[in-house]
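Single-letter residue listing:
Number of protein chains: 2
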Amino acid sequence: MQLKADLLSIEAGGPLIVVMNREDAADLGVISSDRVFLRYKEEHAICILNISTEDEPGILGIYGEVKDALGVQEGDMVSVELARRPESIDYVREKINGQRLTPWKIQRIVGDVVERHLSDIELAAFVTALHVHGVSMEEVEALSRSMIWSGKQIEFGRSPILDKHSIGGVPGDKTTLIVTPIIAAAGYSIPKSSSRAITSPAGTADRMESLAPVDIPFERIKEIVNDIGACIVWGGSIDLALADDLFIRIEYPLSIDPLLLPSIMSKKKAMGSTHVVVDIPVGVSAKIKTINEAEQLASDFIELGSRFEMNVECAITEGSQPIGYNIGPILEAREAMETLSGRGPHEIVDKAINLAGILLEMVGNENGKQMALDLINDGRALEKMRQIIDAQGGDPSVKPEDLVPGEYYHDAEAERDGRILWFNNRDLVKIARAAGTPNDKGAGIQLFAKTGDKVSVDKPMFRIFAEKQEKLDNAIKQLRSLRPVEIGEKVGEEMLKKRIRKQTAPSREFILER
Amino acid sequence: MQLKADLLSIEAGGPLIVVMNREDAADLGVISSDRVFLRYKEEHAICILNISTEDEPGILGIYGEVKDALGVQEGDMVSVELARRPESIDYVREKINGQRLTPWKIQRIVGDVVERHLSDIELAAFVTALHVHGVSMEEVEALSRSMIWSGKQIEFGRSPILDKHSIGGVPGDKTTLIVTPIIAAAGYSIPKSSSRAITSPAGTADRMESLAPVDIPFERIKEIVNDIGACIVWGGSIDLALADDLFIRIEYPLSIDPLLLPSIMSKKKAMGSTHVVVDIPVGVSAKIKTINEAEQLASDFIELGSRFEMNVECAITEGSQPIGYNIGPILEAREAMETLSGRGPHEIVDKAINLAGILLEMVGNENGKQMALDLINDGRALEKMRQIIDAQGGDPSVKPEDLVPGEYYHDAEAERDGRILWFNNRDLVKIARAAGTPNDKGAGIQLFAKTGDKVSVDKPMFRIFAEKQEKLDNAIKQLRSLRPVEIGEKVGEEMLKKRIRKQTAPSREFILER
Numbered sequence: 033m034q035l036k037a038d039l040l041s042i043e044a045g046g047p048l049i050v051v052m053n054r055e056d057a058a059d060l061g062v063i064s065s066d067r068v069f070l071r072y073k074e075e076h077a078i079c080i081l082n083i084s085t086e087d088e089p090g091i092l093g094i095y096g097e098v099k100d101a102l103g104v105q106e107g108d109m110v111s112v113e114l115a116r117r118p119e120s121i122d123y124v125r126e127k128i129n130g131q132r133l134t135p136w137k138i139q140r141i142v143g144d145v146v147e148r149h150l151s152d153i154e155l156a157a158f159v160t161a162l163h164v165h166g167v168s169m170e171e172v173e174a175l176s177r178s179m180i181w182s183g184k185q186i187e188f189g190r191s192p193i194l195d196k197h198s199i200g201g202v203p204g205d206k207t208t209l210i211v212t213p214i215i216a217a218a219g220y221s222i223p224k225s226s227s228r229a230i231t232s233p234a235g236t237a238d239r240m241e242s243l244a245p246v247d248i249p250f251e252r253i254k255e256i257v258n259d260i261g262a263c264i265v266w267g268g269s270i271d272l273a274l275a276d277d278l279f280i281r282i283e284y285p286l287s288i289d290p291l292l293l294p295s296i297m298s299k300k301k302a303m304g305s306t307h308v309v310v311d312i313p314v315g316v317s318a319k320i321k322t323i324n325e326a327e328q329l330a331s332d333f334i335e336l337g338s339r340f341e342m343n344v345e346c347a348i349t350e351g352s353q354p355i356g357y358n359i360g361p362i363l364e365a366r367e368a369m370e371t372l373s374g375r376g377p378h379e380i381v382d383k384a385i386n387l388a389g390i391l392l393e394m395v396g397n398e399n400g401k402q403m404a405l406d407l408i409n410d411g412r413a414l415e416k417m418r419q420i421i422d423a424q425g426g427d428p429s430v431k432p433e434d435l436v437p438g439e440y441y442h443d444a445e446a447e448r449d450g451r452i453l454w455f456n457n458r459d460l461v462k463i464a465r466a467a468g469t470p471n472d473k474g475a476g477i478q479l480f481a482k483t484g485d486k487v488s489v490d491k492p493m494f495r496i497f498a499e500k501q502e503k504l505d506n507a508i509k510q511l512r513s514l515r516p517v518e519i520g521e522k523v524g525e526e527m528l529k530k531r532i533r534k535q536t537a538p539s540r541e542f543i544l545e546r
Numbered sequence: 033m034q035l036k037a038d039l040l041s042i043e044a045g046g047p048l049i050v051v052m053n054r055e056d057a058a059d060l061g062v063i064s065s066d067r068v069f070l071r072y073k074e075e076h077a078i079c080i081l082n083i084s085t086e087d088e089p090g091i092l093g094i095y096g097e098v099k100d101a102l103g104v105q106e107g108d109m110v111s112v113e114l115a116r117r118p119e120s121i122d123y124v125r126e127k128i129n130g131q132r133l134t135p136w137k138i139q140r141i142v143g144d145v146v147e148r149h150l151s152d153i154e155l156a157a158f159v160t161a162l163h164v165h166g167v168s169m170e171e172v173e174a175l176s177r178s179m180i181w182s183g184k185q186i187e188f189g190r191s192p193i194l195d196k197h198s199i200g201g202v203p204g205d206k207t208t209l210i211v212t213p214i215i216a217a218a219g220y221s222i223p224k225s226s227s228r229a230i231t232s233p234a235g236t237a238d239r240m241e242s243l244a245p246v247d248i249p250f251e252r253i254k255e256i257v258n259d260i261g262a263c264i265v266w267g268g269s270i271d272l273a274l275a276d277d278l279f280i281r282i283e284y285p286l287s288i289d290p291l292l293l294p295s296i297m298s299k300k301k302a303m304g305s306t307h308v309v310v311d312i313p314v315g316v317s318a319k320i321k322t323i324n325e326a327e328q329l330a331s332d333f334i335e336l337g338s339r340f341e342m343n344v345e346c347a348i349t350e351g352s353q354p355i356g357y358n359i360g361p362i363l364e365a366r367e368a369m370e371t372l373s374g375r376g377p378h379e380i381v382d383k384a385i386n387l388a389g390i391l392l393e394m395v396g397n398e399n400g401k402q403m404a405l406d407l408i409n410d411g412r413a414l415e416k417m418r419q420i421i422d423a424q425g426g427d428p429s430v431k432p433e434d435l436v437p438g439e440y441y442h443d444a445e446a447e448r449d450g451r452i453l454w455f456n457n458r459d460l461v462k463i464a465r466a467a468g469t470p471n472d473k474g475a476g477i478q479l480f481a482k483t484g485d486k487v488s489v490d491k492p493m494f495r496i497f498a499e500k501q502e503k504l505d506n507a508i509k510q511l512r513s514l515r516p517v518e519i520g521e522k523v524g525e526e527m528l529k530k531r532i533r534k535q536t537a538p539s540r541e542f543i544l545e546r
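Heads up: the sequence lines are chains X and R, in that order. Going by the numbering used here, the letters in the first sequence line up with residues 33 to 546, in that order. Going by the numbering used here, the letters in the second sequence line up with residues 33 to 546, in that order.
A couple of the hints might just be wrong.
When chains are identical, the list treats them as one kind, so a pair holds in a single copy or across two.
Below are the DMTMM-like pairs computed for lysine to aspartate or glutamate, each with C-alpha atoms no more than 25 angstroms apart in a straight line [what the hints assert, rightly or not]:
(1) K509 to E113
(2) K36 to E106
(3) K184 to D289
(4) K509 to E255
(5) K99 to E88
(6) K73 to D427
Calculated directly from the structure, the hints in this document are not laboratory data. As the structure is a prediction and not an experimental result, all values here were calculated from the model.
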């Protein structure tokens with residue numbers, strides 16, 4: 033069947049979608065969600081069908097991704113045929129029915145994910161089945177390998193290659209901006225690729241972008257790392273794990289992430305990492321709630337690392353409140369620069385030198401933690417950070433006080449005297465995002481007190497920054513409807529936590545960050 | 033945020049989707065798959081967001097369903113705000129994590145399905161979780177009740193109301209066209225609502241449509257049934273179970289149907305049925321493979337019926353080969369009319385009088401099967417069928433020979449002498465659909481022999497009919513690549529069924545029909 037291309041300026045964000053008139057579809061013998069095989073000049077693609085009741089017959093609506101795949105122009109004729117059903121759907125069904133998948137079958141599924149042959153419905157069923165039935169270490173390994181094959185790999189031609197990764201979920205974690213220059217200052221290579229925020233106020237790439245560009249071409253990354261030992265770039269610019277982005281699209285609305293391990297480890301392997309420390313923050317509003325869960329996850333990371341000839345150690349860290357006093361790209365970059373300048377809060381220094389210390393010990397040093405602290409105190413870590421900023425195109429002479437947050441702000445005051453008993457990380461995240469993070473780099477939250485600190489009625493506990501008055505107003509509205517800080521006399525004194533009157537919907541929102 | 037409506041002539045077939053420019057979305061603080069709250073004049077709707085990279089800022093792309101919901105016109109300004117996350121997503125997550133859902137939570141989920149507040153991803157996760165964890169009888173009951181509330185209900189103001197339902201999956205099953213007039217001829221009310229084919233060559237509505245219109249308004253159905261006791265209409269015209277259609281969209285590509293029981297029983301209850309016979313065909317290529325599975329399903333149907341004060345009995349029937357000799361709307365309508373005229377094949381008569389007999393005995397008659405046979409033999413069932421055809425606007429004087437299949441045909445010949453050992457129903461379905469069924473009413477397959485019958489090399493085993501040469505060619509292409517009929521000497525003689533040389537993908541396609 034020949035149909036005339038009607039280019040729709042829509043992207044589905046994943047699957048390749050085309051839209052046919054109901055009569056044409058009936059004529060071809062297909063229904064909505066079936067697959068069709070498109071042919072245009074030398075190009076072809078398997079697409080998923082949507083049905084339009086409004087379009088006239090003879091027209092084929094084409095989503096942005098399909099246009100890119102075929103190079104088709106408005107009004108061109110495209111040949112449309114029945115497509116074979118991808119066999120990976122049968123393997124998805126096997127997983128739904130609780131079977132373990134062979135590496136070959138997993139490779140077919142990941143391949144079809146990357147080729148966009150699977151619909152959102154099929155992908156969601158697969159991800160749900162992985163979550164429900166669990167993923168064996170063999171499956172994790174096969175998923176990781178398939179994800180590596182689906183993207184680019186970097187070869188630095190040297191060894192060791194060090195890396196640090198946090199599974200995320202705690203706001204304000206700027207540790208990477210401190211660990212990376214410490215490791216490079218010690219003479220090791222640490223090509224750090226990081227992500228932008230998906231649902232958090234800032235990812236490492238967003239923080240770094242307040243200091244220098246992070247969208248660095250593949251070849252330039254190699255040059256920088258060969259030259260100065262380190263970079264802090266956005267992973268999205270190097271296509272390390274195309275499949276991963278497609279899976280995250282599905283995991284995020286479901287607030288599940290059965291692909292956490294393969295997602296992280298495939299990206300480390302693609303960067304050629306030989307020694308990796310994985311940070312697992314633990315806390316009630318962090319991704320991992322208990323030390324026991326964290327230990328299980330750590331053991332999986334280490335086992336998976338050994339299968340990829342990667343030396344992996346894990347650090348279980350405090351994750352019950354924000355890391356440091358600042359949340360938001362510019363505010364966090366400033367706090368990181370202060371910490372590298374020897375003026376950081378104890379907790380950030382402690383976290384950074386512990387993680388850097390583990391890495392330094394993994395490659396044969398003794399007393400890595402002290403070594404890391406010395407590299408901060410003697411200014412060499414800061415000097416290395418300035419080299420990284422310079423190499424990526426930023427201003428190497430930047431001082432913390434140059435990093436200025438948004439001009440609009442509002443102070444959140446304590447409603448009573450007492451001590452801060454705990455923070456609700458998720459409420460803080462909502463307020464920071466309402467204020468404009470991560471898009472508005474100057475938006476964010478500055479804390480004046482942390483857990484255990486005294487606060488006084490009508491005195492500010494934290495300040496919300498925004499770049500626009502309208503967004504500050506949104507953040508204030510959020511602040512009034514949420515409860516980001518709990519104040520009491522001392523922990524454990526007030527026995528009634530919550531009174532439940534009727535069926536309430538417990539919020540299970542998700543801070544997805546890898 | 034105010035955005036200008038750009039009406040896209042696309043329907044998603046389920047969720048309410050709007051498309052925003054990436055910058056606008058960042059400004060609002062939302063990402064793809066988040067929900068936004070739309071307000072236009074007095075109307076509002078919660079929609080799921082897609083992101084466009086091509087649209088200019090300030091534009092809101094609007095899918096067909098959203099346009100219908102809001103009544104918005106091209107170029108109108110629409111207010112877009114952040115939407116609250118529907119709490120039903122938390123209940124979907126509970127089901128993913130293996131919890132039993134309370135009736136209240138199920139009602140919230142079904143309500144949000146009907147309001148189109150859940151995305152395909154969330155719906156697919158829910159349906160997958162129902163399939164994996166199973167559905168308790170309490171959940172089935174709650175799903176059924178919620179599905180009844182989601183649609184219309186018919187009140188006939190009389191009792192008993194009889195009904196017959198097949199769980200489907202076997203091609204050529206025209207039994208409903210025979211059972212319905214038998215029951216009405218016996219003086220009972222049987223308002224039969226039936227479905228169109230989704231993946232099969234013909235649904236009961238498609239078969240009936242060869243004889244009379246089936247898209248009959250709600251009020252007219254009442255009149256017809258009050259007048260002559262029976263109708264055979266398309267369920268889609270009376271909106272009996274809106275939620276069901278939305279679930280089927282998800283179940284079909286996954287080839288699972290955890291909602292089979294609530295889907296069927298909610299529609300029976302909405303029709304006010306008091307006595308129902310459920311046909312469960314069993315066979316290797318039917319939906320249910322073994323008698324044991326069929327017995328379990330039957331016990332669930334009966335239990336669920338009792339919870340809805342509905343008297344339910346089940347008939348486990350032969351489903352290993354097509355029912356009768358004809359597949360396709362017109363061919364099947366012809367065979368049904370022949371059977372009502374006393375000239376039908378033994379197997380169709382046997383199935384119809386057994387099912388009708390069960391219904392007749394359920395309402396107090398003795399020897400229902402003989403009673404049903406008598407109603408065929410004395411012509412009263414045929415006369416009642418003519419009344420139904422007349423009432424729905426068809427030609428009551430139609431004779432079997434007036435029902436003429438497509439003019440193009442091809443005979444499939446036996447490749448060797450022998451007996452037919454078995455049919456592969458799915459291959460027959462593929463061939464019939466390639467020939468144009470169910471859309472081309474004259475397309476289909478006429479069998480010249482059934483299981484156990486002798487066939488001779490180069491003599492036709494069945495004839496494929498089509499309305500267009502091009503579709504006949506498609507069907508012939510399918511015929512050559514498939515193996516719809518297996519010929520041998522006698523069953524069990526040839527020991528090697530299949531030789532498997534390498535990893536092959538077993539096809540698990542699905543004939544979805546309820």
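We went through each hint and held it up to the structure:
1. K509 to E113: between (53 angstroms within a copy, 13 angstroms between copies)
2. K36 to E106: For K36 and E106, the Cα distance is within 25 angstroms both inside one copy (8 angstroms) and across copies (24 angstroms).
3. K184 to D289: Close inside one copy (23 angstroms), not across copies (39 angstroms); limit 25 angstroms.
4. K509 to E255: Answer is neither: 47 angstroms inside a copy and 57 angstroms across each miss the 25 angstroms cutoff.
5. K99 to E88: Answer is both; intra-copy 20 angstroms and inter-copy 18 angstroms each pass.
6. K73 to D427: Classified as neither; 48 angstroms inside a copy, 50 angstroms across copies.
Of the numbered hints listed earlier, those contradicted by the structure are 4 and 6.
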